[in-house]
Amino acid sequence: MSRTESAEPNHAQSTTPSTPRGSFLSRLFSHQESGLVIVIILMMCVLTIYGHFNQSIGKRNLEIPNDARIELLDAQNNAHEVGTIAKRNIAQYRVTHGDDVRDYPASTIDRFDATTNTLYAIDKQNRFLKKSNISLVLKDASFFAIMAVGMTGVIILAGIDLSVGSIYAFSAIVGAMALSALPEGAGWYISLPVGMLTCMTVGTLCGLANGSMSVGLGVHPFVITLGMMAVLRGLTIVIPQQIFNTQSIGGFPDSIMTGTIKAELFGVHPVPVFVMIFVAIVGWFVLSRTVFGRRIYAIGGNETAAQYAGIPVGKVKILVYTITGTLCGLSAFLYLGYFGAGETNAGNAYELQVIAATVIGGASLMGGRGTAIGAVLGAIIIQLINNAMVIFEIDQSYNQIVMGAAIIIAVVIDQTKQRVQARRG
Amino acid sequence: MSSDVQQAQPVLIADNISKAFGITQALSNVSVSFLPGEVHALMGENGAGKSTLGKVIAGLHKQDTGTVTLEGRELIPGSLDDAFAAGVRIVHQELAQCPNLSVAENLCLHDIPKKGFTVDFDEMRRRAENLVHQLDPSIDVARPLGELSPGRRQICQIAASLDKDEHGNNAAKVIVFDEPTSSLSLTEASTLMDITRDLAARGLTIIYVSHRMSEIFTCCDRVSVLRDGKFVATNIVKEIDEPTLVEQMIGRRVSTPGAKHESNPEEKAIEALVGDANSEEPEYDKDPILVVRDLNSPGKLHSIALDLYPGEILGVGGLVGAGRSELFDAIFGIDSRASGSILVEGVEIAGKGTKAAIDAGVGLGYVPEDRRNQGLFFNLGIDENILAPIMPDICGGFGMRRLEDELRRVQARVDKFRIKTATLRDTKPSELSGGNQQKLLIARWMSDRTKVLLLDEPTRGIDVGTKTEIYKLINEAADLGLAILLVSSEMPELLALSDRILVMGEGVIKGELKGAEMTQTNILTLATDESNTPTKTAAPA
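Top to bottom, those sequences are chains C and E. Residues 1 to 425 in the numbering used here are what the first sequence lists, from first letter to last. Residues 1 to 541 in the numbering used here are what the second sequence lists, from first letter to last.
It is worth saying that the hints were derived from the structure and are not from the lab. The model shown is predicted, which means the values in this text are computed figures rather than measured ones. Heads up, the beta-carbon is just placed ideally off N, CA and C, and yes, glycines get one too. Hints may contain errors.
Said to hold, decoys possible - Among chain C residues calculated to face chain E with C-beta under 10 Å, some are:
id, residue
1, F112
2, T116
3, I156
4, I281
5, G293
6, R294
7, I299
8, Y308
9, G310
10, I311
11, G314
12, S364
13, G367
Build the full structure now, drawing on both the sequences and the hints.
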């Protein structure tokens, strides 16, 4: 980041009248990512406003000390015992603990449980803008946003990888077999490297197979990865069936779940989100700042020119598919740690979600265009749409219709923007 | 300049170069030497081999025989890397750049500067600016290349060719410019020629492949002329005039029409068949069948107007890139951006697409230039290849094919055109010879319902015998009243077949030639004449 900023004044000097640069604002808006951020902010505003007027109603334990005395008072401030007064006649609840006396109006109280001496308050919250919901959206997005970063590289190459969902499931199953073999009480310093290495190695090998087959055999990656999608999904189903006669492998050490991946922080489980942010930053850095990254763009822009410029086109392609596989493995590892079991139907239809995230994030299937940050923002937009369906209480079956329409609209807007910019250029 | 260059030692010698593509001999025993600091033009008609020679020198093509020697060292044939390392560069359109990357990245693509793991953007910008700003200081190297105008893109490509290798060695010594101005506006072209002169003044040798006469006289020191793949002469530009150069390009064939068929058997064949087709002024007692008025297509065609009469063969002459195939595309409704008026027997077909053009009532047919990519279906049989345009009209109910009826029609067409094929249904076009493939394509469009036929290079790449047959078929069809628009880059063919000739250049019709005016010299003079060229508006950079 600091590099571009330090280069900026220098750049302003060399800019000539023939190449007018817009104001700061228009430059900000011309960025692919800023458009996505604006969309996300707008969606969050709408959902927050809706969520404010349609609050979710829950109950909250008021955490009353066990030795406190709770009295039920009627409108005339007479105390009653539980069972001697109808709930509608209670005006307030009085809690006495030593010298501390507190009154709670009946309208704020959901229920009093006499057997455990617990008082539950009615808890009204913004349906959208609450910690649990936001972390849910981000957590759900993180699993396929990580894969979308790899997919961005593939799509910039003008390639495609349909096997990401299957690689994810296969890595998860193999990783689950390794983790379930560990003793119950194994520490994180054993379970973390075992799970991570197993999942990521399996993913890497699958990606390597995709890349080297499509480059080596000269077959379009659509075909190779379509085949791999089916083969890996089949293996994912067959292996646990043959060995364990089950469709779900669990029983991992706790250290891999609540100990690390599902560690709690401020009441939420943010580890997958942290990993997503980390992968996005590394992806951005590799694509925009390293020679390898720029070579990916060059190949996607004009493969022949790249060849004539001495770029090892085949090697770069294989590496990009391999990295995508690795990221699928990483994502599968997070899934295992978070949910505590590997299932054979994990990541079903993830390839479509991942491709959609990449495309909404501004990547062009024609190649040469796309960013890692855009892909992650695209994944978040997809999850926000999913979340909106829940908050608006629309039947889940409408999800696919809305999602499909959103993808088409996003791409049409992006194309129009491109065309307008080209005309101005 | 010219007297200086005569005394210098040649920097690059192409010696005895021969190169064949399939059966076509593109170059035979061509030897040319190039001096340091000169702009040396390679000139010739289409297909004379000038471009091929440029590519052999740059290592893009591998010559069959002969050597390219740079400063006494023989270059590895067909090795772009070796030529690059030695200091020979080529600027040409097919090696386009990556439009999605910045100018700086394009310029440094072969050797991106690094700082540890990351790209050194400052160094890249500095290097790119050093290269580009020698030629055009107003180019912002941070912009995506695709946003630049074609002229500036060309300048960037030239700048890239000036680059040294990673050790700062092997600076460019010889640069081949392959048709550098073909996609540029006039102002851009003149900027480019200034740059060319500037580079030569710094001691670089520029090999300038072009067919634009005015450019040769503006910016070149010497010009070597090729004809039919053979070396004709190297001239000092100051000591030669345009007619002499044209004569060298066309060779012995430039002379009076009566004497033009002295020794070439191919021309004799045409002459024998055609007779004196063009000796008398054709008379038009009928109304024109095809009337084109004010036909425009952005960047391709400007205000085209023409009339075509039944039974007439109207030739369209010009050089590659003159807009002849583009004209056909526009008339046939393939070019959706074309606008204007196209009347076939009073029926307007402009803007209605290809379906309107081949409609039974209209009856246009189009034999495109590239039979492999634009013409035949190589996965289908002979029958479907012939019947493709009329299939919807001859089928039965529910679109069911009537195979018997189809076979009868195909058989008739195959017999008439004498297409040599094993079967009618199972044989694929790839099993036919080139000449039979071409006859197959022509047979598709020469049906009873075709009234106007557009023929684009109908005899490209086929043998003399089949050519003769095709000439005969074309003439017979015209005698029966078919109106034909003919594009041909083979001058004798165009002259012998056409009743009138329109000459095109840069998307406009530059003139019409009739009767005795129809000579190669006149066609070439009109085609290279730039006085009536519309000024293209340069795209805003």
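Hint check:
Annotation: interface hint on F112/C violated; nearest CB of chain E at approximately 63 Å, more than 10 Å. Look at T116/C: its Cβ only gets to about 59 Å from chain E, farther than 10 Å, so that hint breaks. Hint status for I156/C: holds, given a least beta-carbon distance of 9 Å to chain E, under 10 Å. The restraint placing I281/C at the interface with chain E is violated, with a minimum CB-CB distance near 14 Å, outside the 10 Å limit.
Residue-level restraint check for G293/C holds (minimum Cβ-Cβ distance to chain E is 8 Å; threshold 10 Å). Restraint check, R294/C versus chain E: the minimum CB separation of about 6 Å is within 10 Å; hint holds. The criterion of a C-beta within 10 Å of any C-beta in chain E is met by I299/C, whose closest approach is roughly 8 Å, and the hint holds. Annotation: interface hint on Y308/C holds; nearest CB of chain E at approximately 6 Å, less than 10 Å.
A cut of 10 Å between beta carbons decides the hint on G310/C: the least distance to chain E is about 5 Å, and the hint holds. A least Cβ separation of about 7 Å between I311/C and chain E falls short of the 10 Å threshold, and the interface hint therefore holds. About 17 Å separates the beta-carbon of G314/C from the nearest beta-carbon of chain E, more than 10 Å, and the hint is not met. Interface hint status for S364/C: upheld, as the beta-carbon distance to the closest one in chain E is roughly 9 Å, under 10 Å.
Because the beta carbon of G367/C sits about 8 Å from the nearest beta carbon in chain E, less than 10 Å, this interface hint is met.
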